[in-house]
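Residue numbers (our numbering), protein chains in the order written: chain V, 13 to 225; chain Z, 15 to 221.
Among the hints, a few may not be true.
[Said to hold, decoys possible] Straight-line alpha carbon distances no greater than 25 Å define the calculated SDA-like cross-link-like pairs of lysine to any residue that follow: (1) Z:Lys217 - V:Lys89; (2) V:Lys89 - Z:Arg210; (3) Z:Lys217 - V:Asp23; (4) Z:Lys56 - V:Thr84; (5) Z:Lys56 - V:Asp23; (6) Z:Lys221 - Z:His190; (7) Z:Lys56 - V:Leu82; (8) Z:Lys221 - V:Cys44; (9) Z:Lys221 - Z:Val161; (10) Z:Lys56 - Z:Gln68; (11) Z:Lys217 - Z:Asp164; (12) Z:Lys105 - V:Thr84.
[What the hints assert, rightly or not] Quick list of the computed label-pair ranges, beta carbon to beta carbon: (13) Z:Arg101 - V:Thr155: 47 to 57 Å; (14) V:Thr20 - Z:Gly202: 21 to 31 Å; (15) Z:Val133 - V:Arg198: 22 to 32 Å; (16) V:Met13 - Z:Ala206: 52 to 62 Å; (17) Z:Lys64 - V:Gln222: 36 to 46 Å; (18) V:Leu99 - Z:Pro53: 37 to 47 Å; (19) Z:Lys105 - V:Arg198: 13 to 23 Å; (20) Z:Arg101 - V:Ile90: 47 to 57 Å; (21) V:Gln154 - Z:Gly61: 30 to 40 Å; (22) Z:Arg101 - V:Asp73: 12 to 22 Å.
By construction, these hints were calculated from the structure, which means they are not laboratory data. Model, not experiment: these values are computed from the prediction. All C-beta atoms, glycine included, are put in the ideal place defined by N, C-alpha and C.
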Amino acid sequence: MNCHDLRTRLDPLDDASNGVLTPEILAHLRDCAACARYQERLAAIITPSSVLPREISPPRDLWSDIASRLDTQQEQKIRRSRYFLPLAAAAGIAAILATALLSLPPRPHETVAALPIQARADDPIPARSRLPAEMVEIGFVQTRALLMKRFEAQKGHVAPERVAVVERSLSSLDSAIEDIHAALERDPYNASLLLKLSHARRRELRVLRQVVL
Amino acid sequence: MTDLNPNGMPGIEAGVPNVLARVSGSTQSVSSARGEPEPLVKRAQNGDRKAFEQIYREHAGRIYGLCWRLTADADLAEELTQEAFVRAWRKLHLFRGQSALSTWLHRLTANVVMADHRVHGARRRRQLPLDDVRSEALVHGGRDTEVALDLERTIATLPARARTVFVLHDVEGYGHAEIAEIAGIAIGTSKAHLHRARELLRKALLK
């Protein structure tokens, strides 16, 4: 048997009956280092799992990195849950308010200007039948009046430039609020206008608080 | 190729214990039983970090080895090994003990590597430097070091897809159906890649 014959008979890919190490082949492998090397490599390709180790140790201990990543994930999870409840509660309240606003019956014959803005205990109009703009104004008006009173009282002690800035801001906000009310007269249930009204009122209070408190 | 057995692969089990002992001294398994997860796994499922660390120590060699062979990149293999264990911690509650933990972890790791291939495949298509192959192979030790070294080096030079299929099929013992599912390819494509990989290895190693 020569080397070529042996290599052909060793290779199971060439013939299903090949690959068996017969005594004749073994004898040749003992005498021929090149064929022995060939046979070893062929076996490695055919059954790599017999040659390659199943485990390879990582070059360094990865546990500290893994543990640190687990810690980070845990912190993020806690942070998420810390914000989730308040956010969910806020979303719930917003949904309830939106539902309440949308369920108010339309009263197109009434105008905002003609309606009493402030909620009173003896108010003959039940809260449910108020216009949405009026509902938004409740709470803002009283606070604004209180802050305005203080502002007027403290005006003399505040720098005139600052007083001028505050008055200009209030004036432009009042003008914006008037425009919003005018628009709401035509479309009393417009959610975007109601939101703008609420924002304008909040800004008004913020301006006053900056100078009064 | 038959299905995976609880401890790993069919047909090559006889040689495995020696290899395991030789390579990392790993002699115990936390997941040899079917049915209920082992107590160590249960502890980890209940949030016991120490128990999970022990699981890491027992399986790190196999997981890193799989990542290393599939990526042909030592740094990336480290990164993906970490990712595999982080994901295992997150998903451990889903492990019901229907298979061995090693099988579950192995499959999870293959999915992690394949997901990385899908996202970063084009950018990360690089081959393992020979020095890396040499140093990693030296760690293996054992009687077949020279042949193993040549084989590892040649596997590392295979095209990515062919390497993936060859490693999963011929080294790790997965069937074509499983490989197709993990790698997101057709069974026929998996067979074609395997054929190509074997041909390339023969050309490289038997020349």
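Verification of the hints:
1. Z:Lys217 - V:Lys89: 52 Å, violated
2. V:Lys89 - Z:Arg210: 46 Å, violated
3. Z:Lys217 - V:Asp23: 13 Å, holds
4. Z:Lys56 - V:Thr84: Given pair Lys56 of chain Z, Thr84 of chain V holds - Cα atoms ~23 Å apart, limit 25 Å.
5. Z:Lys56 - V:Asp23: 48 Å, violated
6. Z:Lys221 - Z:His190: 28 Å, violated
7. Z:Lys56 - V:Leu82: 18 Å, holds
8. Z:Lys221 - V:Cys44: 16 Å, holds
9. Z:Lys221 - Z:Val161: Holds, because 14 Å separates the two Cα atoms, which is no more than 25 Å.
10. Z:Lys56 - Z:Gln68: Judged against 25 Å, a Cα distance of about 12 Å means the pair holds.
11. Z:Lys217 - Z:Asp164: 13 Å, holds
12. Z:Lys105 - V:Thr84: Since the Cα atoms of Lys105 of chain Z and Thr84 of chain V sit roughly 16 Å apart, the hinted pair holds (cutoff 25 Å).
13. Z:Arg101 - V:Thr155: 47 to 57 Å: 53 Å, holds
14. V:Thr20 - Z:Gly202: 21 to 31 Å: 29 Å, holds
15. Z:Val133 - V:Arg198: 22 to 32 Å: 53 Å, violated
16. V:Met13 - Z:Ala206: 52 to 62 Å: 35 Å, violated
17. Z:Lys64 - V:Gln222: 36 to 46 Å: 55 Å Cβ-Cβ, so the 36 to 46 Å window is violated.
18. V:Leu99 - Z:Pro53: 37 to 47 Å: 39 Å Cβ-Cβ, so the 37 to 47 Å window holds.
19. Z:Lys105 - V:Arg198: 13 to 23 Å: Since Lys105 of chain Z and Arg198 of chain V have Cβ atoms about 57 Å apart, the given range 13 to 23 Å is violated.
20. Z:Arg101 - V:Ile90: 47 to 57 Å: Once the Cβ atoms are compared, 20 Å apart, the range 47 to 57 Å for Ile90 of chain V and Arg101 of chain Z is violated.
21. V:Gln154 - Z:Gly61: 30 to 40 Å: Cβ of Gln154 of chain V to Cβ of Gly61 of chain Z: about 52 Å, so the range 30 to 40 Å is violated.
22. Z:Arg101 - V:Asp73: 12 to 22 Å: 19 Å, holds
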